[in-house]
Structures are given as C-alpha cells and as structure tokens.
Amino acid sequence: MPAFLQKWQHLLRSMDGRGDAGVVSTNTIDYCQELVALARSWKLIGDIIQARSTLGKCCEVTRRHLKTPFAKSMPFENGEHQKLRHVAIAAKELLLECVAFQISLARNKELFRRHDAPSNVQAALTKDFWMLFRQAPISVEIAFLLSHSLMKQRQFTLVIRFLEQAHLADENAELTLIHVRALEYVGFYRQAIDMAEQFIDQRYNDNVTSIEAVEVHCNRMTKLLACREKADEFLRLEQYEKAVNHYQECLALVDSTDRKQFAALLYGHANALLGLEQISTAIDDLRKSVQLDPTNKIASIRLQTACLQLETERIKKKLSRKRGPKFPITSSTS
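Residue numbering for the sequence shown follows the UniProt record's numbering, beginning at 1 and increasing consecutively.
These are calculated hints, taken from the structure and not from any lab test.
Mixed in with the good hints there might be a few duds.
Computed cross-link-like contacts, DMTMM-like style, restricted to lysine to aspartate or glutamate with a CA-CA straight-line distance of at most 20 angstroms [unchecked claim]:
| hint | residue 1 | residue 2 |
| --- | --- | --- |
| 1 | K318 | E277 |
| 2 | K260 | D284 |
| 3 | K297 | D284 |
| 4 | K127 | D170 |
| 5 | K109 | D47 |
| 6 | K83 | E93 |
| 7 | K127 | D116 |
| 8 | K230 | D255 |
| 9 | K152 | E174 |
| 10 | K109 | E93 |
| 11 | K152 | D128 |
| 12 | K242 | E277 |
| 13 | K109 | E174 |
| 14 | K230 | E212 |
| 15 | K83 | D30 |
Please work from the sequences and hints to get the whole structure.
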C-alpha cells in the first residue's frame with residue numbers, strides 16, 4: 001500500500017465520524033468528505049474492494065444522521081444536513097462507478113486469459129483496458145494487463161511509450177520484464193539490458209521472487225548478445241564452421257517470439273552455410289528468415305540467389321549424367 005494512503009487511513013481513524021444520531025456536525029461532514037476522497041484514491045490505484053469498503057463506511061455514517069441520505073434536499077433542512085446529503089449522493093455515484101469498473105475488469109480479465117482470442121477481440125480488449133487505466137492510472141494490475149494486451153498485438157513501440165510515461169515499471173518486476181522484452185523486440189538490446197540491470201541493482205535487497213525472472217532474462221540477453229557478436233565476427237572472417245556453431249548457440253538462446261532477432265540469426269546462419277556450400281539447408285533458413293521478417297529485402301535477394309545457385313548445380317549434374325563418360329579418340333595404325 002502506498003505510504004500516503006496509510007497516513008490517510010490513520011487520519012480517518014482519529015476522526016472516525018462518531019456522534020449523536022441525527023445531529024450533523026462539521027466534523028461528521030469533513031469525515032465523510034475525507035472518506036469519499038480516500039475512496040477515489042483507492043480507485044486510482046485500482047483497489048476497488050478498498051474503495052467500496054471506504055464508501056460503505058461513508059454511507060453508514062450518512063444513514064445514521066439522515067433518514068433518506070440519497071434523496072434530494074428535504075424541506076426545512078438546515079445547511080449542515082444539506083452538505084452531508086451532497087456528500088452522500090457523491091459517495092453513491094462513486095460507488096456505482098466502482099461497481100461498473102469491477103464488472104468491466106472481471107469480464108475483460110476472463111477474455112484476456114483466452115490465448116486463442118481473435119485479433120478483433122484482442123483489439124477490443126486493449127481499448128477497454130485503456131479506458132480502465134484512465135480511471136485507475138496508478139494501478140499496476142491494469143498497467144500490466146494493458147501492456148500484455150499490446151504485446152499480444154505486437155505493438156512494441158506503443159508498449160515502450162506507455163511504460164515510460166506511466167512510470168510504473170520502476171516499481172514492479174513484471175512491468176519491468178514487459179518493458180525489457182518490448183525494447184528487445186524492436187532491437188534496442190543494450191538499452192534493454194541496461195534497464196534490467198538497473199532494476200536488479202535497485203531492488204537487490206527486496207524479497208521479491210519475481211526479480212529472479214528479470215535477472216534470468218537479463219543474463220540470457222547478455223549471453224545472446226555476446227554470442228551473436230562472435231558469430232558475426234567469424235562470418236566476416238570467413239570462418240564458416242565457427243560461425244555456424246555460434247549461430248546455432250544463438251538460436252538456442254533467442255526467444256522464439258522475438259521474430260526480428262530470430263530472423264536475423266537465421267539469415268546469418270544461412271550465410272555461414274552457404275560459405276560451406278550447404279545450399280539446401282541454407283535455403284530453408286533463408287525462407288524462414290524472410291517469413292519472419294518480410295522487410296529484410298537483402299534476405300529476399302539472398303534467397304533468390306541461393307535458389308538460382310542450387311538450380312544451376314542441379315542442371316550441371318543433369319548434363320554431366322546425359323553426356324556419359326568421355327573416352328579419348330585413338331588412331332589405328334596398319
């Protein structure tokens with residue numbers, strides 16, 4: 001629980017709103033107003049259960065002092081009663097908002113758990129999570145659901161912008177991991193590693209098991225990046241066997257959902273295989289690479305070239321079989 005909410009609760013306990021039934025005092029009105037304000041704050045962080053509980057206390061106090069707290073102003077009602085009635089109506093409106101929020105969140109969470117949701121359903125979910133986040137902009141849970149929904153739609157740039165502006169990733173391991181993955185998927189590997197390492201250093205003394213997930217992911221990324229640099233260097237030096245081995249190690253480390261990096265590694269692996277004249281296997285890798293990243297025009301050209309090279313080799317073999325063995329022509333002497 002945030003520290004400012006804890007202080008607020010302590011303040012309300014000291015006010016507690018008790019008084020003679022039917023007698024409305026300034027302290028009672030202030031107490032109910034503070035309860036409504038506190039409930040709004042609970043809603044901001046997405047804790048609807050606490051918000052409803054707080055509003056319940058407010059309604060209990062207003063019922064004790066007013067016969068019909070949610071009705072319009074009664075005739076001959078004094079100013080103190082009218083003020084308390086306005087607070088009661090505000091509490092009721094906020095309570096209805098909380099109920100609607102809770103129903104919408106429960107429904108969308110149920111849909112979110114279905115991994116096979118079609119794209120139009122996923123887009124609608126993302127829209128609903130945006131609306132919920134506007135109502136609860138400090139809610140870690142809704143920020144996580146929204147980020148995860150955007151990740152499913154592969155809107156990685158939007159995830160990065162959202163988490164940078166929300167300033168929630170610094171406080172939560174799961175959000176940090178999503179932020180790191182999004183950076184990784186758009187190719188900002190060094191930045192992703194730096195963010196993960198910074199989070200681990202800041203939270204090193206925290207007893208949070210989810211930090212381990214960030215640490216494991218960071219170590220894997222660091223190892224992958226170092227391995228890829230070696231593979232690229234061996235390819236540049238035309239040491240194709242070493243390059244193939246290192247690219248294979250990279251492919252075992254890379255996240256299969258990171259299409260861009262997976263495609264780049266397959267492309268590098270294919271080039272190393274072409275250097276070893278393993279054309280058929282190289283073509284398979286190039287095809288997969290182009291499927292994963294159609295924007296890589298160089299890979300497309302390389303695939304076409306490799307296919308032509310393979311076809312040329314087949315034609316040569318076919319022609320050599322048709323010609324048969326060649327025998328030297330010798331002249332006979334009488």
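Okay, the hints, checked on the actual structure:
no. : hint        : verdict
1   : K318 - E277 : 19 angstroms, holds
2   : K260 - D284 : 17 angstroms, holds
3   : K297 - D284 : 17 angstroms, holds
4   : K127 - D170 : 24 angstroms, violated
5   : K109 - D47  : 15 angstroms, holds
6   : K83 - E93   : 16 angstroms, holds
7   : K127 - D116 : 18 angstroms, holds
8   : K230 - D255 : 19 angstroms, holds
9   : K152 - E174 : 15 angstroms, holds
10  : K109 - E93  : 24 angstroms, violated
11  : K152 - D128 : 15 angstroms, holds
12  : K242 - E277 : 15 angstroms, holds
13  : K109 - E174 : 17 angstroms, holds
14  : K230 - E212 : 27 angstroms, violated
15  : K83 - D30   : 10 angstroms, holds
Hint check: violations occur at hints 4, 10, 14; the rest are consistent with the structure.
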